[in-house]
Amino acid sequence: MTDEPLLEVENLRVRFETSRGVTEAVRGVSFQVGRERVGIVGESGSGKSMTGRSILRLIRPPGVATADRLMFSGIDLQALSERRMRAMRGRRIAMVMQDPKYSLNPVMRIGSQLVEALKVHERISKSKARERALQMLADVQIRDPERVLSAYPHELSGGMGQRVMIAMMLIPSPDLLIADEPTSALDVTVQLEVLRILDGLVKDRGMGLIFISHDLRLVSTFCDRVLVMYLGKIVEEIDASRLQDAEHPYTRGLLECLPAIGGSHEPLKVLKRDEAWA
Amino acid sequence: ALAETPADTLVIANTIDDLKVLDPAESFEFSGGDVINNLYDKLIELDPKTLKMGPGLAKSWDVSEDGKTFTFKIDTSRKFASGNPVRAEDVVWSLQRVVKLDKTPSFILTQFGLTKDNVEDTVKKVDDETVSITVDRPYAPSFLYNALTADVASIVDEKLAMENASGDDMGNEWLKTHSAGAGPYTLRAWKPNESVIMEANENYPTVPAMKRVFVRHVPEPATQRLLLERGDIDIARNLTPEDIQAVENNDKLKVEDSPRGRIYYISGNQKMKELATPGVMQAIKYLIDYDGIANSFLKGQVVVNQQFLPIGFLGAIDDKPFKLDVEKAKKMLADAGYPDGFEVELLVRNAQDRLAVAQSVQNTLGQAGIKVNIKPATGSEVLSIYRARKAELTLEVWGPDYPDPNTNASVFAENPDNSDAAQLTGNLSWRNAYAAEATTKMAEDAVVEKDTDKRAKMYEEMQRIGNEKSPFVLMFQYQEQDGMQKNVEGFSTGGAVSSAFYKAVTKTTE
Amino acid sequence: MSGPQSAGNAKIAVSDLSVTFTQGRRPVRAVKGVSFSVKPLESFGLVGESGSGKSTVLRAICGLAPVSGGEIRIDGAAMAEPRDKAFARRVQMVFQDPYGSLHPRHTIDRVLSEPLAIHRFSDREDRIVQALKDVGLDARFRFRLPHQLSGGQRQRVAIARALIVEPEILLLDEPTSALDASIQAEVLNLLTRLREERNLTFVMVSHDLAVIDHMCERLLVMRGGEAVEALERSALADHAVSSDYTRTLLTASEGYVR
Amino acid sequence: MSVSQGAHDPASAEEEAAIAGTGLLPRIAGRFGKTLFSLFVTLFGLLLVTFAIARLVPLDPALAVVGPRATQAQYEAARKEMGLDQPIPVQFVNYLSDVVRGDFGRSNLTSRPVIDDVRDAFPATLELATLATLLGVLLGVPAGVVSAVNQGRWPDHVLRVVGLLGYSMPVFWLGLIALLIFYGQLGWVGGPGQLDVSYELSYELDVTAYTGSILIDSALSGAWDVFANALTHIALPVFVLGYFSLAYISRMTRSFMLEQLGQEYVTAARVKGVPEGRVIWVHALGNAMVPLITVIALSYAALLEGSVLTETVFAWPGLGLYITQALFAADLNAVLGGTVVIGVAFIVLNLLSDLLYTVVDPRAR
Amino acid sequence: MTHSERSGGLKAWLTSDTPASRFQARAINIWFAWRDLLRNPLAVIGIVIIAALILMAVFAPLIATDPPNRQDLAARLLAPGVDGHLLGTDELGRDIWSRIVYGSRVTLQVVALVALTAPIFGLVVGTVAGTLGGWTDRVLMRITDIFLAFPRLILALAFVAALGPGIVNAIFAIALTAWPPYARVARAETLTVRRADYIAAARLQGAGTLRIITGHIMPMCLSSVIIRVTLDMAGIILTAAGLGFLGLGAQPPLAEWGAMISTGRQYLLSHWWVATMPGLAILIVSLGFNLLGDSLRDVLDPRGGQK
Ligand SMILES: Nc1ncnc2c1ncn2[C@@H]1O[C@H](COP(=O)(O)OP(=O)(O)OP(=O)(O)O)[C@@H](O)[C@H]1O
Ligand SMILES: Nc1ncnc2c1ncn2[C@@H]1O[C@H](COP(=O)(O)OP(=O)(O)OP(=O)(O)O)[C@@H](O)[C@H]1O
Ligand SMILES: [Mg+2]
Ligand SMILES: [Mg+2]
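Protein chains in written order, with the numbering used here: chain A, 1 to 278; chain B, 1 to 510; chain C, 1 to 258; chain D, 1 to 365; chain E, 1 to 307.
There's no promise every hint is true.
To be verified - In silico DSS-like cross-links for lysine-lysine, where the CA-CA straight-line distance does not exceed 25 Å:
no., chain 1, residue 1, chain 2, residue 2
1, B, Lys-176, B, Lys-79
2, B, Lys-454, B, Lys-441
3, B, Lys-469, B, Lys-330
4, B, Lys-100, D, Lys-80
5, B, Lys-271, B, Lys-331
6, D, Lys-80, B, Lys-116
7, C, Lys-133, A, Lys-272
8, B, Lys-454, B, Lys-486
9, B, Lys-176, D, Lys-80
10, C, Lys-133, A, Lys-269
11, B, Lys-211, B, Lys-273
12, D, Lys-80, B, Lys-390
These are computed hints drawn from the structure, not numbers from a lab.
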């Protein structure tokens with residue numbers, strides 16, 4: 001592990017200009033990611049996904065992303081040609097999309113989609129690629145990889161789809177993985193399995209992980225560092241272990257409004273939003 | 001100009017979608033006539049050029065003293081296209097067949113008193129070379145001879161036909177789509193709505209110059225013109241006046257006009273109160289822009305003819321008593337009790353030229369206050385309405401069935417029984433509830449008048465009476481304008497009395 | 001396991017309920033012989049992972065699922081098939097997905113006035129205003145379309161719609177699972193308050209044990225269409241559960257353990 | 001605002017248990033059997049409706065046969081022979097039982113069995129429709145894709161206007177004008193009809209009618225001059241119809257592609273680093289193909305049935321023209337027979353597109 | 001906030017995100033769709049063409065230079081521009097421009113009547129079939145299939161033949177053949193919404209089937225149907241023209257564009273304008289509808305990816 005951060009983001013902005021007005025989804029976000037687990041939390045619409053996507057330069061029109069600085073292990077991502085950027089995607093930076101149900105090509109077999117992820121980056125024989133795909137599926141704890149390889153996405157359960165998605169993004173061994181709510185569609189039991197896989201990768205391969213979620217409890221237990229977003233801005237950056245000491249009232253509010261087993265049955269605390277936070 | 005037509009093949013563009021059967025005992029359409037006329041010979045044939053009667057399969061003929069028995073000497077040297085010789089039996093069989101099958105055109109023979117029951121006795125083989133026909137009244141011989149030049153009297157190869165007969169249809173089913181004649185051509189192929197291909201009959205006495213005749217169905221006049229201009233066809237038979245003009249101005253092409261027998265008319269149903277009022281139909285006769293129409297959109301396609309006989313027929317006269325005169329017509333209408341006109345429906349077939357005439361008529365009748373509503377309908381619908389005596393004004397066309405004046409007189413000027421029950425559905429006077437009191441007797445007498453001149457006079461008289469009394473507004477006689485390549489000679493449309501002849505056609509190659 | 005309980009004073013008594021869907025030609029047994037009963041004014045919870053048949057139980061109560069066995073009684077009486085208007089007056093449901101349970105082309109006003117029209121209420125205008133106030137929505141939302149509202153606001157509308165016909169029983173199908181934690185708290189508080197004010201009986205479904213624990217006095221754990229065990233709330237806090245499955249759920253809800 | 005994806009997939013548990021499921025073939029067979037049944041029902045309905053219309057129409061087939069001069073007795077005789085004197089239900093039963101035996105009766109327009117007429121006319125229509133659809137697909141799909149990819153920019157505008165023009169042009173008018181220009185003025189293509197008249201003769205003489213399609217038969221017989229000539233004739237009607245079908249297909253492709261390009265899996269493919277070309281032409285188009293197959297099949301079916309106007313303008317002896325003429329001539333057997341054939345073609349195409357659909361879309365199996 | 005609409009005038013009223021009445025809510029929606037539409041150059045062209053068509057039909061007597069049916073056999077087939085005949089004269093010497101102007105009335109009438117009847121019928125059939133399911137669905141869809149399998153123009157021809165030619169019958173025939181696709185669209189849409197929670201919610205509220213179909217399902221199908229209608233307008237115009245071309249549509253002397261082409265085609269080689277002018281008229285008008293329909297889809301269709 002080097003000291004140099006894997007990813008540096010400075011003053012990232014994402015704007016949507018539509019006929020009904022301008023939306024600023026991300027408003028000047030700066031952070032760094034090393035070979036660690038960085039969590040991004042925030043309520044729905046706070047700009048978490050847009051932040052993740054703009055790193056991969058995948059904001060579609062009418063959205064526009066700009067940043068003062070967007071460096072990935074010494075490469076200026078903004079300066080890359082579309083072709084070179086493509087080589088970065090998947091190979092160096094990958095992203096697990098929010099919902100596996102919509103993120104796998106429904107008419108392509110899982111196998112082809114996995115092999116494709118390899119073949120666009122490496123010259124590799126079909127049988128070799130297949131082997132790697134099988135191995136990858138086994139790595140994400142899929143019991144019957146052969147069968148899954150020849151299945152279509154709709155034949156998989158949500159949990160399997162999510163793991164396939166993770167396998168597909170990990171197969172070219174990226175240096176940085178952006179995981180956008182990788183567990184929100186899963187049952188609590190499956191959720192933990194998936195997290196264990198990701199955890200292993202960071203530990204064993206030294207991969208950097210950006211973990212996007214709105215579940216503060218989960219992030220606090222899983223990540224090293226947490227970025228708290230509110231209305232497109234980072235309101236607080238804090239070590240996960242120190243989350244209980246968070247200062248920002250928004251972060252505190254988020255923590256306190258959760259019911260807990262065995263907690264009191266008084267009305268829950270509710271978050272009082274302050275215009276000044278925005 | 002992708003290819004010139006072969007030198008020994010005559011290629012004709014025509015609309016032949018009305019062609020449905022080629023059995024001469026059944027066929028009754030114009031296109032059918034054009035084919036059958038060339039596939040079959042009759043006892044008496046018309047000369048393609050002069051359209052005068054001459055020997056056909058009969059060398060000569062004669063009539064008995066009492067005027068009721070006609071005898072025909074058969075030319076036994078002739079052969080059918082199949083190679084079978086032409087025998088008296090064939091002649092007898094063919095004529096009896098028409099009567100027995102009793103298809104639509106059979107009336108041309110049965111009007112002479114031949115019936116299913118008596119035809120074995122009335123049409124007889126006398127000896128191997130002679131056939132006799134006995135009729136019920138002493139008809140004018142010209143009447144019978146003319147009738148025998150009609151397609152229905154074609155002589156069919158009995159042997160060939162009976163080989164292909166099914167049940168007791170006397171070969172009718174097979175003959176619908178095959179030929180068994182002794183005419184200059186035989187049928188090679190007929191694809192409905194596409195083409196007819198005929199080949200020269202090698203057994204014909206004078207084998208035609210054109211070894212093949214190819215009639216191609218081309219519904220669009222503009223297309224026909226293009227084909228003609230490009231040299232893809234030799235003759236185009238359905239050109240519009242505008243196309244004709246272009247063809248005339250093209251020095252590779254020429255136009256030949258020939259009058260045809262079809263008559264354009266409007267009739268007024270006498271069951272309708274207004275139309276039956278004396279003077280009203282006469283007024284309408286003054287409300288047609290005869291010259292305007294004949295000189296504009298039907299230019300060259302028709303000539304004005306205000307009589308029920310087409311020019312070329314025995315007894316035809318060239319009187320044109322009517323012309324567009326709105327003032328006069330208004331006065332006549334006022335006298336008849338309709339100073340402000342009335343409203344009437346004009347039934348018309350859904351064809352472009354007829355709709356154009358209808359619109360012009362609508363326009364001119366409108367000027368005298370008669371509000372015309374055009375009711376277009378398909379041919380068979382027009383016919384159903386018309387036959388049921390339910391039409392008001394009808395714009396129709398009548399074509400003679402055989403080259404004798406009786407063919408038209410019997411429908412325009414004769415109505416033996418004007419009652420609904422009579423169901424004389426084939427008779428135009430009956431369809432219009434016109435009793436034709438003044439002329440019915442004359443028409444009946446004329447068919448037995450032996451003196452041809454006297455007979456002609458009788459028809460002239462009938463037409464003049466019709467001008468005054470009949471509810472028929474006779475307007476035009478068709479004229480066919482054929483565009484053709486300059487090198488085509490000898491093509492005859494058959495004029496007013498017959499169908500097309502191909503046997504005399506030649507193409508000179510330069 | 002909860003056996004069939006005496007339906008004596010139960011508000012809702014579900015006994016041996018089975019529901020079988022047909023998917024294509026295959027029968028899908030979504031609920032297999034589930035029994036429970038809910039006392040008047042009680043709040044009863046159903047927990048279990050996705051697909052365990054929680055929603056189906058609620059839908060079966062409402063007559064929206066093909067019941068293939070067992071029976072459902074409310075106040076000791078069987079219900080009309082199909083459910084009639086009288087049923088609608090007594091039992092109402094709030095759906096899981098606030099984005100899917102409001103007609104995208106109906107304004108809030110229409111959403112709220114329709115049940116009033118169906119049940120021929122008189123003072124509709126006042127009731128709508130009151131209903132909005134009850135769920136803490138500003139009157140200016142009244143003529144908006146659902147897409148102009150946030151998820152929490154929509155869920156409030158859905159609750160208002162359910163309460164506007166003054167039912168006795170409210171069936172809640174994961175009313176907050178689609179919402180952020182901060183908004184979840186508001187909605188849960190709202191529900192608690194309304195239950196007290198209106199004397200309602202709740203049946204609430206959730207996959208989140210913490211939420212159930214917060215809201216309900218008793219709960220039933222479900223898995224694969226079957227009832228695993230029925231618990232008092234206190235049992236959860238004490239981890240006094242008998243089945244392994246419930247225990248797994250309990251640990252999982254504490255977050256990730258390295 | 002779209003209805004949001006529910007947080008849970010209600011079917012997942014069940015599906016997990018049945019990943020592989022039954023094989024593809026038995027499922028298709030099952031589907032086929034079901035479809036076959038509905039085919040018969042539809043056909044029966046089609047016959048019933050056609051028959052009802054045929055009897056409703058104030059056209060009198062008997063009158064059409066006997067012609068204007070017939071006497072009432074001849075007319076009655078013809079009616080009797082054609083079975084028109086019987087009660088209508090009896091007529092329908094008779095007709096049905098004939099049809100079941102493959103007998104569509106005789107056309108009184110051509111005096112031939114309707115089956116023979118249709119056998120002659122159908123290949124001409126089929127040739128035209130097939131080539132036109134091919135043209136429409138080969139040009140329309142790429143045009144639609146390019147248009148969608150460039151939504152709102154000039155290539156989109158240009159392609160859309162070109163497409164919409166094709167969709168707005170009366171075919172009969174376009175046909176006339178094209179004929180005037182390309183045949184009349186420029187002489188680049190053959191005129192109306194399937195062949196030059198001179199070649200028509202050699203077609204009669206040299207070409208064996210294997211299939212009834214001039215192009216195929218002349219190629220099989222090695223009569224390449226006839227083949228070439230037939231091509232020059234079919235070019236213009238194919239262009240006219242093909243333009244129409246192109247317009248339709250490109251418009252639908254565009255809309256399906258727009259839908260697909262907005263999907264998450266497209267972004268996912270980009271995330272993997274898949275080249276843009278492959279994202280568009282393989283991933284997005286592969287999915288757009290699913291609804292597109294139905295669209296193409298329907299447009300093909302529409303061409304099979306609906307080229308009446310084109311056939312009129314180009315004197316193309318196809319089925320549409322045949323039925324129209326039959327209708328005008330009160331030739332009801334021909335109308336019924338032709339309609340049934342087109343109906344069957346439509347149903348068969350629907351069936352095929354259904355089958356293809358299951359091949360292309362795994363979810364439909 | 002609450003009072004801003006009063007001070008800001010109409011524009012503010014239309015763009016407010018807190019409508020104060022049902023009417024305003026609807027107006028705001030339409031206003032935004034309208035604005036999106038106007039942003040699209042192709043749509044604007046379409047709107048202009050359709051507006052021109054409507055104006056032409058309404059003010060025909062003012063715009064036409066001649067009565068549409070005045071014949072003058074002496075001045076037949078005049079070229080455009082000659083003797084003040086803007087687009088020339090036809091075979092009976094009638095002014096083509098004036099006939100085209102009056103013909104717009106026929107076209108508009110056809111479009112309006114078909115657009116009002118067929119989609120509504122299709123909508124009812126489709127939503128009823130989709131909502132009720134089971135046998136009702138099977139029977140209705142089978143009937144729809146039969147009509148769909150029927151060659152469309154031929155069905156129209158047959159109906160016209162049965163009812164007699166004429167513009168009203170042609171409209172009726174077109175409507176009769178046009179409904180099945182709407183039924184299918186509506187049914188497909190119904191199937192996607194009928195399981196939606198909001199339908200279940202309405203049921204739970206005690207709403208009857210009729211109320212659910214008319215109040216909840218139909219509004220959801222409406223936009224796909226409306227889009228299809230606009231797209232189909234051109235097809236309707238062309239079908240009507242095709243019937244006219246075959247002589248079964250509007251009857252003479254009524255000026256109808258398709259019939260005008262039909263009569264003009266025999267003069268095509270020598271007097272091109274007679275058939276070409278009405279052809280252009282059809283082309284322009286159906287292009288107008290197509291442009292509008294196509295853009296409307298981009299604006300309204302939730303699948304279009306906007307909004
Ligand atoms: N196409 C678009 N047009 C306009 N605004 C958009 C568009 N896409 C996203 N946005 C806006 O961007 C903002 C951020 O969206 P983003 O998807 O990043 O949220 P998120 O934090 O990931 O939320 P969630 O937890 O719901 O996934 C939202 O407020 C949304 O309204
Ligand atoms: N309409 C249906 N047709 C077929 N199967 C269905 C239907 N609705 C539900 N199911 C099946 O019934 C089972 C139970 O579904 P249900 O929605 O009740 O689960 P749940 O516990 O509410 O899950 P979730 O937490 O995902 O909402 C699932 O396996 C589902 O696949
Ligand atoms: Mg997100
Ligand atoms: Mg559920």
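Evaluation of the provided hints:
no.: 1; hint: B:Lys-176 - B:Lys-79; verdict: holds, 21 Å
no.: 2; hint: B:Lys-454 - B:Lys-441; verdict: holds, 15 Å
no.: 3; hint: B:Lys-469 - B:Lys-330; verdict: holds, 18 Å
no.: 4; hint: B:Lys-100 - D:Lys-80; verdict: holds, 17 Å
no.: 5; hint: B:Lys-271 - B:Lys-331; verdict: holds, 23 Å
no.: 6; hint: D:Lys-80 - B:Lys-116; verdict: holds, 19 Å
no.: 7; hint: C:Lys-133 - A:Lys-272; verdict: holds, 19 Å
no.: 8; hint: B:Lys-454 - B:Lys-486; verdict: violated, 43 Å
no.: 9; hint: B:Lys-176 - D:Lys-80; verdict: holds, 20 Å
no.: 10; hint: C:Lys-133 - A:Lys-269; verdict: holds, 21 Å
no.: 11; hint: B:Lys-211 - B:Lys-273; verdict: violated, 59 Å
no.: 12; hint: D:Lys-80 - B:Lys-390; verdict: holds, 24 Å
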